[in-house]
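There are 2 protein chains.
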Amino acid sequence: MSRFWSTLVNKLTPYVPGEQPKLTSLVKLNTNENPYAPSPKVLQAMQAELADTLRLYPDPNGDHLKATIAKYHGVDKSQVFLGNGSDEVLAHAFAALLQHDAPLLFPDISYSFYPVYCGLFGVDYRQVPLDAEFAICVEDYDQHCGAIIFPNPNAPTAKLLPLAAVESLLQRHPEQVVLVDEAYIDFGGESAIGLVDHYPNLLVVQTLSKSRSLAGLRVGFAIGHADLIEALERVKNSFNSYPLDKVALAGAAASFGDEAYFQEKCQVIIATREQLSSQMRDLGFEVLPSAANFIFARHPQHDAAQLAAALRKHSIIVRHFKQDRIEQFLRISIGTDAECKLLVDALHKLLSV
Amino acid sequence: MSRFWSTLVNKLTPYVPGEQPKLTSLVKLNTNENPYAPSPKVLQAMQAELADTLRLYPDPNGDHLKATIAKYHGVDKSQVFLGNGSDEVLAHAFAALLQHDAPLLFPDISYSFYPVYCGLFGVDYRQVPLDAEFAICVEDYDQHCGAIIFPNPNAPTAKLLPLAAVESLLQRHPEQVVLVDEAYIDFGGESAIGLVDHYPNLLVVQTLSKSRSLAGLRVGFAIGHADLIEALERVKNSFNSYPLDKVALAGAAASFGDEAYFQEKCQVIIATREQLSSQMRDLGFEVLPSAANFIFARHPQHDAAQLAAALRKHSIIVRHFKQDRIEQFLRISIGTDAECKLLVDALHKLLSV
Numbered sequence: 038m039s040r041f042w043s044t045l046v047n048k049l050t051p052y053v054p055g056e057q058p059k060l061t062s063l064v065k066l067n068t069n070e071n072p073y074a075p076s077p078k079v080l081q082a083m084q085a086e087l088a089d090t091l092r093l094y095p096d097p098n099g100d101h102l103k104a105t106i107a108k109y110h111g112v113d114k115s116q117v118f119l120g121n122g123s124d125e126v127l128a129h130a131f132a133a134l135l136q137h138d139a140p141l142l143f144p145d146i147s148y149s150f151y152p153v154y155c156g157l158f159g160v161d162y163r164q165v166p167l168d169a170e171f172a173i174c175v176e177d178y179d180q181h182c183g184a185i186i187f188p189n190p191n192a193p194t195a196k197l198l199p200l201a202a203v204e205s206l207l208q209r210h211p212e213q214v215v216l217v218d219e220a221y222i223d224f225g226g227e228s229a230i231g232l233v234d235h236y237p238n239l240l241v242v243q244t245l246s247k248s249r250s251l252a253g254l255r256v257g258f259a260i261g262h263a264d265l266i267e268a269l270e271r272v273k274n275s276f277n278s279y280p281l282d283k284v285a286l287a288g289a290a291a292s293f294g295d296e297a298y299f300q301e302k303c304q305v306i307i308a309t310r311e312q313l314s315s316q317m318r319d320l321g322f323e324v325l326p327s328a329a330n331f332i333f334a335r336h337p338q339h340d341a342a343q344l345a346a347a348l349r350k351h352s353i354i355v356r357h358f359k360q361d362r363i364e365q366f367l368r369i370s371i372g373t374d375a376e377c378k379l380l381v382d383a384l385h386k387l388l389s390v
Numbered sequence: 038m039s040r041f042w043s044t045l046v047n048k049l050t051p052y053v054p055g056e057q058p059k060l061t062s063l064v065k066l067n068t069n070e071n072p073y074a075p076s077p078k079v080l081q082a083m084q085a086e087l088a089d090t091l092r093l094y095p096d097p098n099g100d101h102l103k104a105t106i107a108k109y110h111g112v113d114k115s116q117v118f119l120g121n122g123s124d125e126v127l128a129h130a131f132a133a134l135l136q137h138d139a140p141l142l143f144p145d146i147s148y149s150f151y152p153v154y155c156g157l158f159g160v161d162y163r164q165v166p167l168d169a170e171f172a173i174c175v176e177d178y179d180q181h182c183g184a185i186i187f188p189n190p191n192a193p194t195a196k197l198l199p200l201a202a203v204e205s206l207l208q209r210h211p212e213q214v215v216l217v218d219e220a221y222i223d224f225g226g227e228s229a230i231g232l233v234d235h236y237p238n239l240l241v242v243q244t245l246s247k248s249r250s251l252a253g254l255r256v257g258f259a260i261g262h263a264d265l266i267e268a269l270e271r272v273k274n275s276f277n278s279y280p281l282d283k284v285a286l287a288g289a290a291a292s293f294g295d296e297a298y299f300q301e302k303c304q305v306i307i308a309t310r311e312q313l314s315s316q317m318r319d320l321g322f323e324v325l326p327s328a329a330n331f332i333f334a335r336h337p338q339h340d341a342a343q344l345a346a347a348l349r350k351h352s353i354i355v356r357h358f359k360q361d362r363i364e365q366f367l368r369i370s371i372g373t374d375a376e377c378k379l380l381v382d383a384l385h386k387l388l389s390v
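Sequences listed follow chains A and B, in order.
Under our numbering, think of the first position of the first sequence as 38, with each following residue one higher.
Under our numbering, think of the first position of the second sequence as 38, with each following residue one higher.
Any given hint could turn out to be false.
Because identical chains cannot be distinguished in the list, a pair is counted as satisfied if it fits within a single copy or across any two copies.
[Unchecked claim] With a straight-line cut-off of 30 Å between C-alpha atoms, the simulated DSSO-like cross-links for lysine-lysine are: (1) K386 <-> K59; (2) K378 <-> K359; (3) K114 <-> K48; (4) K59 <-> K78; (5) K114 <-> K59; (6) K78 <-> K114; (7) K108 <-> K59; (8) K78 <-> K359; (9) K386 <-> K108; (10) K48 <-> K359; (11) K350 <-> K386; (12) K59 <-> K378.
To be clear, the hints were calculated from the coordinates, so they are not data collected in a lab.
In this text the structure is predicted, and so the values were computed from the model without any measurement.
Same shape as in the complex, but just chain A:
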């Protein structure tokens, strides 16, 4: 600390992202990236931006990308907000829509960035325990609150809350914003975007990082009632006018123009996930039912931290959270079939010792 720091800085506990190793020989199953390349159409669109025009500012409103996403999801352009990855979208949502006198509610096991945002924006919060099967129980949120946020599917559990339950939550809290963080929804869940015209308190956040293979490009978005979007725009335009560069805007828009590629890769990942889940269960793991591009698994006889360390020696990185209730779990991203085979082979060796 230093005498020049603001009071806020001293109080912060920053988020720690998953490791991004410089070694490319590792089997990287630790940060839920997509094992497949982005669509060739995305790369073509980005290519077209590598030009003299980079000297000019991008469109601060990202109108073309907004219109593309609006059309894709069947909403109005005024219902779309863009950000530098869904993390930036979430950050602005904490400032604009989740900061109230009553506490924000979110699951006790959830995206570990939420309490960090609360620290940054001075948001009081209460964590609502998942049930014994690590599921969100809508009834448990029947309490005094300023707003609600949760990932669906949840992270790191990978469990999906069915859309009917999401709708029930919206109905139980008509005066509170309910933010559904759908980073992983394309891997088997049903999006709440179809509900935004019925629930003015619903904000859905998605990202192009996972299902569209563009973690390296930093594009996320929110969809909701135009009033909620306006709040986000006001904060964004008080923070940074141009969070998305020209290349990112073009690549992101092109991604929505290759539906066949998108669907195919999602289906492949789902198939690999189901096969890996089955193989892991055969190895004695308990694997939570996953609707995401990762699985959450524990072994009754093997310590998770030790397993993660042992896998690392086999050049395989998975993620382990030192956290109550889940410290015996590993979060494993779905790789290619070949990568998952390497994982299963390594586990075979480790578990038979």
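Got chain A; can you put chain B on it based on the hints?
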């Protein structure tokens, strides 16, 4: 407004960026972009990133770019902070280093985003008037304050505060952060970066948007004592882990590898600026001495707003600020020689009517 908005949102007065017209036939002298393309080496480096690896997250710390900038400016890597344009760097600096009990000081005529940041981060501020010649007077800042920020050269006046005066300000305020916003320093000023090892209270912010022709890429950085940088990192890592995408990181680093191109373009712009200033004076304008890639000029007999509107009819856009003391000025970005000739020709016609 909406019942779902936080109290903060209702109080915000967002920044309004200069117009980014969709028409490409306009002579665009309104947002201080560089009229010349970025270095071909930048485009090559970006090209190499248009690959399968976009599926992976970028380096959250931007180590390679940090090391490149550190080497270029002769500082340690721990003294460099990266952001999504210098606007994001400034935003984090407001939260981390400029938010104190005593008011922040900045010039009354200055970058109009500063009071917007103050609104977002709840920073109390006091504006210190420029003198009659629109210069910053260091002595005027001898007052109770929490921190100081100013652009150098100042915007939109284009006037430079000599480095000796910057150093005097640092010495007068050893207990306060002095943030020097050097967006335009490469067009004729001497950077304060050389002072960071002597003054732990100095933070210098620069951007690649102007002198490196990369407004479309969104990269800015700060250089200062490692303690100041750590404060920025703490806020950044509580907000968004990966603000710079892979393509931007690569392009930005390559920009520092083509010094000859960079110097040549800066010199051309300086030469054009001096010629344009002279021609404008011949037309009867008062042109403030500029050390930036724009000029700030007024005509004793012609209303600035009317002139801007008339130029627009000639397909030339310049920027006019409806603001006390400067409402009779136009801010005109330095274009190519051909663009500046079009401007001078149009002004000839308009002024002779």
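Inset, instruction - State whether the alpha carbon distance between K386 and K59 is at most 30 Å within one copy, between copies, both, or neither. - result: within (26 Å within a copy, 60 Å between copies)
- State whether the alpha carbon distance between K59 and K78 is at most 30 Å within one copy, between copies, both, or neither. For K59 and K78, the Cα distance is within 30 Å both inside one copy (27 Å) and across copies (23 Å).
Homo-oligomer pair classification [K48, K114; C-alpha up to 30 Å]: between (38 Å within a copy, 25 Å between copies)
request  = Check K108 against K59 for me: Cα-Cα at most 30 Å, and say if that holds within a copy, between copies, both or neither.
outcome  = between (39 Å within a copy, 21 Å between copies)
message = At most 30 Å between alpha carbons: which applies to K78 and K114, within, between, both or neither?
response = The answer is within: 23 Å in one copy meets 30 Å, while 37 Å across copies does not.
query: Which holds for K78 with K359 at a C-alpha limit of 30 Å: within a copy, between copies, both or neither?
result: neither (40 Å within a copy, 44 Å between copies)
**Asked** For the identical chains here, do K114 and K59 meet the 30 Å Cα criterion within one copy, between copies, both, or neither?
**Response** between (39 Å within a copy, 18 Å between copies)
Next item on the list: Up to 30 Å between alpha-carbons, please classify K48 paired with K359: within, between, both or neither.
Entry: within (22 Å within a copy, 40 Å between copies)
Checking an output row: K378 and K359, CA cutoff 30 Å. Within, between, both or neither?
within (26 Å within a copy, 65 Å between copies)
Report task. Indicate which option fits the pair K59, K378 if close means a Cα-Cα distance not exceeding 30 Å: within, between, both or neither. Result -> within (23 Å within a copy, 51 Å between copies)
Worksheet item: Under a CA distance limit of 30 Å, which applies to K386 and K108: within one copy, between copies, both, or neither?
Response: Cα proximity of K386 and K108: none, with 50 Å in one copy and 46 Å across.
* Have a look at K350 and K386 and pick one of within, between, both or neither, based on CA distance no larger than 30 Å. => within (12 Å within a copy, 76 Å between copies)
When held up to the earlier numbered hints, the structure conflicts with 8, 9 and fits the remainder.
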